[in-house]
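What follows is each chain in one-letter form.
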Amino acid sequence: MSYCSLIIFAFLILYLVYFLASDNSDILSNPYNGKRQDLMNERVTRGNIYTSDGQCIAETKIKKDGSEERYYPYDNMFAHAVGYVGNGKTGIESTYNMYMLTSNINPVFAAIEELKGNKNPGDNVITSLEWDIQKAAYDALGNRKGAVIAMEPDTGRIIAMVSRPDFNPNTINNDWKTLTEDKSSDSALLNRATQGLYPPGSTFKLVTLIEYLRENGNYKEFEYECKGKDVLNEAAIKCYNTKKHGLEDIKKAYAKSCNCAFATMGVGLDVDSLSKLCETLLFNKSMPCRFEYNSSSFVLDKNSTSAEVVQTVIGQGKTMISPLHNAMLACMVVNGGYMVTPTLVDSIKNNSGREVKSFAGGKGEQILTDSEVKFIDKCMKETVASGTAESLSGGGYEAGGKTGSAEFDSTGASHAWFIGYAKKDGKSIAVSIIVEGAGTGSDYAVPIAKKIFDAFY
Amino acid sequence: MNTIAGLCGYITVIAFAVYTLFCFTVFKRKDKDKQNRIFVRQRICIFVMHFVCHALLYMIDYDVAVIIMYAVQVVLFLCCIHIYQIIYKGLSKLVLNNMIMLIMISFVMMERIKAEYAIRQMFMFEVGMAACLLVPFIIKKFKYFEILGWHYAVVGILFLAIVFVFGVEKHGAKNWIRVGGVLIQPLEFVKIIYVFFIAAVLSKAANFKKVVIISTVAAVHVLILVLEKDLGGALIYFFTYLIVLVIATGNLWYLLAGIAGGASASVVAYKLFAHVRKRVTAWKDPWSVIDNAGYQVAQSLFAIASGGWFGLGLGRGLPGIIPVVESDFIFAAIAEELGGVFVICILLVYISCFIMVVNISMKMTNTFYKLTAAGLGVMFIFQVFVAVGGVIKFIPSTGVTLPLISYGGSSVISTVLMFSIIQGMYVLNKSEVDKNDIIREAVLKEAGIGGQRGKNK
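These protein sequence lines map, in sequence, to chains A and B.
Here this note's numbering is used: the first residue of the first sequence is 129, the next is one more, and so on.
Here this note's numbering is used: the first residue of the second sequence is 688, the next is one more, and so on.
Among the clues, some could well be false.
So, partial list: chain A residues that the calculated Cβ filter (under 8 Å) puts toward chain B [stated by the list, open to error]:
| no. | residue |
| --- | --- |
| 1 | Y131 |
| 2 | S133 |
| 3 | I135 |
| 4 | F137 |
| 5 | L144 |
| 6 | N158 |
| 7 | K163 |
| 8 | L375 |
To be clear, the hints were calculated from the coordinates, so they are not data collected in a lab.
Treat the numbers as computed from the prediction; the structure is a model and nothing was measured.
Beta carbons: idealized from backbone N, C-alpha and C, even for Gly.
The shape of chain A in the complex, shown without the other chains (with noise of 0.2 Å):
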């Protein structure tokens, strides 16, 4: 009988042993450990951060002292998806920092290099990032403020990623103060890709479709007659400019960015599945990436006023949204529907180049089934071919997207969005551009995604 309680002890022996022969990486990587990593530094120096096409952005230096400095040789253009190593660490270098300072080369030979009191050279991280796409989206953004996030649709990686006002993390000790005093709203150190909120403005009218395809059939029957404003439940609502768009379908209505037929067609939704459809979304959710961000915000409930539903459903309510959050929605028009899994690296290899370890983003699960990825997709198209993404047809790819242009404050100024993706032989990109305070997305930040394109192509 006693011995049975031998059973018991021999899986706690057991689960021990399959705690320490597994992979511990990712739990020694919590920042939360911080202090044990540092101590890893006395053993090993840190590894390099590369671009998926092999440049080099972020390597340790030994001085002639035999001290070690850290440098980017970039500045400020990978600022915050790399981050920094100064006061605390941000971007990559908190991430992955555990890697970096672990040493996968020969065992033997780095058991002989640490007996003799050598450091090891740690592992490097091989980012998704590529050169030529961060710097296009890094120019064409240029001293606004705002967030650029390249993706590639069908894995998640993430190939260009901007945020601005930015620093330079190779002073950030000696700027330090100026950039934490921060007397404007400049937040520098801030990443708005990803933890930047902002009101999404009409690039909700995405969501807004989704639901209205689900809850009516007849969804291609749609008809609304425009004539630049409209009083909803109370809710005065008006086209930008008070333009009138005339009598129009839903295609033509997206592409227009028409806010009276939205709010029409918004006001007739049940609520509580336009919430469940949020939360599906990863709205109110945790995201499933490994850097930090902040989550977005979908508030509507049974007790909201009929004036704030109409006012969400065109992308002005209480909703906000990060710059990654609305990517990934754009990712799941031009993938089959599925929501990405987003990532910034894609894999750990070891001084001699050998992979350590490998980062798979990937599909995730499907979302949008494939008749409502067609319509929505054509609705995006139009807007290329005939509405407020113009400019970005004859590029000699196959485009498409969406606008917003989000008022956030009473004066009437507006943050520019846009949303969209691009197609070419089987190669796709989706974007998510904000520019605060600039004005229309067609004006400010349709070009950036131009740019962005053309540099991809």
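Given chain A, put chain B in place with the hints provided.
Structure of chain B alone, referenced to chain A:
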């Protein structure tokens, strides 16, 4: 220096592995002299490890205090071994060796974490050993102890409940009392009384009605511990009773009923108490609540994972980060600095102790002795299970000390007492068996059968 430190680490692990191997192979040899030679070799392993660990401790900051501590401990161990063997003639040398090994590890770890802990721990061990000099004399009166049955329950419950009046809270459980400036954990001492109680009453009980009454009184002990928020203690008391009950009655249905009852009680406790839910959440996913409830377990896992199989080396890890590392989480600190192989050896040594105790229990002719030994053995091994299980996230952490290794006077003294009681019973039983053998031989001789047999050969 690195080279020496590295080699010392490997010597420690190898010496411990050899020691552990001897724990399980010694009984293959039937020859008493050969067995004794192995026990001597085990002691050599202990002293080698003790020396090497102190060499490592000395290398941390070249503190002369380390050398003094080393010398004092060597004298202490030698005295213990000699005096103990005189008082307990014919004792189990394996159990004695294991006790010295575990307390030696404790001393080393306490010195590593904080020298004051080591001094106090040594003092407590000495107090415990001094008390044990009396145990054999008391044990000879054991027959009177057997009659005391229900009185144990009264004393035990009173002592457990005393904390409701004079209790002092520490680490979230109000199960300490202050006696003349010293904090005492009554539950540690009540453990022994409790085992006496269940062994005494169960050795006589046969019918169902009595079992119900006894179970109720045992349940009162457990309930008091639950109310003190000492979940680990409650678990240990419950499980010990269950196993002893099944051994005493030989009825497996009690085991099933007990497990079912225990499971439903756990569910009730989960629904009723917030602190229980907190522990379960921290166990299921410490990472999501790492900033509060999951912090301790997460830090423990960081420590174990960074230690790997062979540890970072004594003095080269960061055990101080783990809350309550000197007591409930000492296992994680050992794993971090001395490695996974080392802690698995510790677990095997605990198992070796348990197997010895169970063997002793089975050899006992008197039911009361038998049940007492079994109860103490089960209580001991289950405590190890709960303590280690909590630290490695196998089960929710409940704040239980690791016998002999964790810092804590009450725990060390009660464990030393427990070992001594078992040794005392072993010695007593052995002398009785020997006496019976002599009588039997004499009787046989008188009848002339002994001699006859001799001739037939």
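Comparing the hints with the structure gives:
Nearest Cβ of chain B to the Cβ of A/Y131: about 7 Å, under the 8 Å cut. The hint holds. Hint status for A/S133 relative to chain B: holds, with the closest Cβ pair at about 6 Å, below 8 Å. Residue-level restraint check for A/I135 is violated (minimum Cβ-Cβ distance to chain B is 11 Å; threshold 8 Å). With a cut of 8 Å, the hint placing A/F137 at the interface with chain B holds, because the nearest CB-to-CB distance is about 6 Å.
Nearest Cβ of chain B to the Cβ of A/L144: about 5 Å, under the 8 Å cut. The hint holds. The beta carbon of A/N158 comes within 7 Å of a beta carbon in chain B, closer than 8 Å, and the hint placing it at the interface holds. Interface restraint check for A/K163: the shortest CB-CB distance to chain B comes to about 6 Å, inside 8 Å, so the restraint holds. Against a cut-off of 8 Å between C-beta atoms, the interface hint on A/L375 is violated, since the closest Cβ of chain B lies about 52 Å away.
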